[in-house]
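Q: Here is what each chain is made of, one letter per residue.
2 protein chains.
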Amino acid sequence: MESIRVFDEKDFFACCGSSKFAQEMVLSGPLSNYQQAVDAARDIWFNKVDVNGWLEAFAAHPKIGESPSQKSKSSAFANWSKGEQSTALNTATDSSLQELVEWNARYWQKFGVVFLIFASGRSTPEILGEMKRRYNNRPIVEFEIAAQEQMKIIELRLSKLFSLEADATSKAKSDF
Amino acid sequence: MESIRVFDEKDFFACCGSSKFAQEMVLSGPLSNYQQAVDAARDIWFNKVDVNGWLEAFAAHPKIGESPSQKSKSSAFANWSKGEQSTALNTATDSSLQELVEWNARYWQKFGVVFLIFASGRSTPEILGEMKRRYNNRPIVEFEIAAQEQMKIIELRLSKLFSLEADATSKAKSDF
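Those protein sequences? They're chains A and B, same order as listed. Start counting the first sequence at 5; every next residue gets the next number (this note's numbering). Start counting the second sequence at 5; every next residue gets the next number (this note's numbering).
Check the hints yourself; a few may be wrong.
Copies of one chain are not kept apart here, so a pair can be met inside one copy or by any two copies together.
[Said to hold, decoys possible] Each computed DSSO-like pair below joins lysine-lysine, with the alpha-carbon atoms no more than 27 angstroms apart:
1. Lys86 - Lys14
2. Lys67 - Lys52
3. Lys77 - Lys67
4. Lys164 - Lys114
Keep in mind the hints are simulated off the structure, nothing from the lab.
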C-alpha cells in the first residue's frame, strides 16, 4: 500500500518558483505518488499558471553558469539549481564560461528573461550551442520553449521530493 | 510623389503602448507610406518586442466596456480606445454591460491581463461571445491571440496616423 505524502507550498515552490503553482499543487493533493504529482503539475503549469506566473517562475532561476543568488526565496531551490548545473560547471573552461556570460547578456537583451534550459547532465558547450540556436527564435516561441524546459525541471525536482520523502519515511520506520 | 512622414515616439506609443515598439518604429523610419509602416510594425511587434513589452502594451488598454483611465500615458491612445469601443457602447444594455464587467473580472482572474479584442465595429453581444469562447483557452494561447488582436489595433491606428497627417499636410498646403 502506498503512503499518502503531504507536501506544503514551500516544497512545491522549490520545484517551481511560481506562487500560483505552489498553491495549486497543495490544493490538488494529497498526492499518492510521483506520477500523480507530475500529472497535477503539468495541468497546473500549462493550464492554470498565467503568463505572469511563468515570468515569476523564470525569474527564480539563476543565470546559467552563475551561482544561485543569496537572495533566493527557497534554499532547496538554490541547492537544486546548483546540482542541476554541476555537469555544466565541471565541463566549463574559463573561455566557455566567459562566452556563457556574454550570451546570457545578449539573450537577456533580446528576450527580457533568463535563458532557461533543463541543464541536468548537459555540458557547457552543449548548453552554449542551444543558447545560440534558440537566440534566433521569436520572443513568444522562446517563451514557450522555456516553459517546456521548466516542466522538465519540475519533473526532476518532484522526483527528488518524492525520493527524499521516501528516504525520510523509511528512516523514521527504522528508528522504531 | 509621396512625401516622407516623420513621426515621433509619442505618435507610435498612441498606436501601441510598448515603449520598445515606439522606439523601434522611430528607428525604422522615415516611413514613406502606410504599408511600409504596417510592415515595420508587424516585424517589430512579433519579432522584437519581448513578452514584457507585450504585457506593457496590453496593460495600456482600458478594460473593454470601461472608459480609458484618466491616468492613460497617451491622450491620443485614450481617445482612440474610446472611438474603437463606440459600437460596443452603443449596442450595450445595462444587463450586457453588467455581464461585461463580470466577465472582465473572471478573465482577469484567470489570465492576469485585460481581455484584448479588436473592438472596432463590434457589438457588445459579439464581444461577450468572444470573451466567453476565449476564456476556455490556455493562458499562453490567449496571450498569442491577444497579440494578434493588438496587431489589428496597431494597423487601424497607423492608418489613422497617416490619414491625420495627410489631412494636416493638405490643410497646410491649402493655407498657402
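Q: Hint by hint, say whether it matches the structure.
A: The hints, checked one at a time:
Proximity of Lys86 and Lys14 under a CA criterion of 27 angstroms is satisfied intra-copy only: 18 angstroms inside one chain copy versus 45 angstroms between copies. Taking the shortest Cα distances, Lys67 and Lys52 sit within 27 angstroms of each other both inside one copy (26 angstroms) and across copies (22 angstroms). With identical chains, the CA atoms of Lys77 and Lys67 are at most 27 angstroms apart within one copy only, with a shortest distance of 15 angstroms there and 34 angstroms across copies. Taking CA atoms no more than 27 angstroms apart as the test, Lys164 paired with Lys114 passes in neither setting, with 33 angstroms inside one copy and 30 angstroms between copies.
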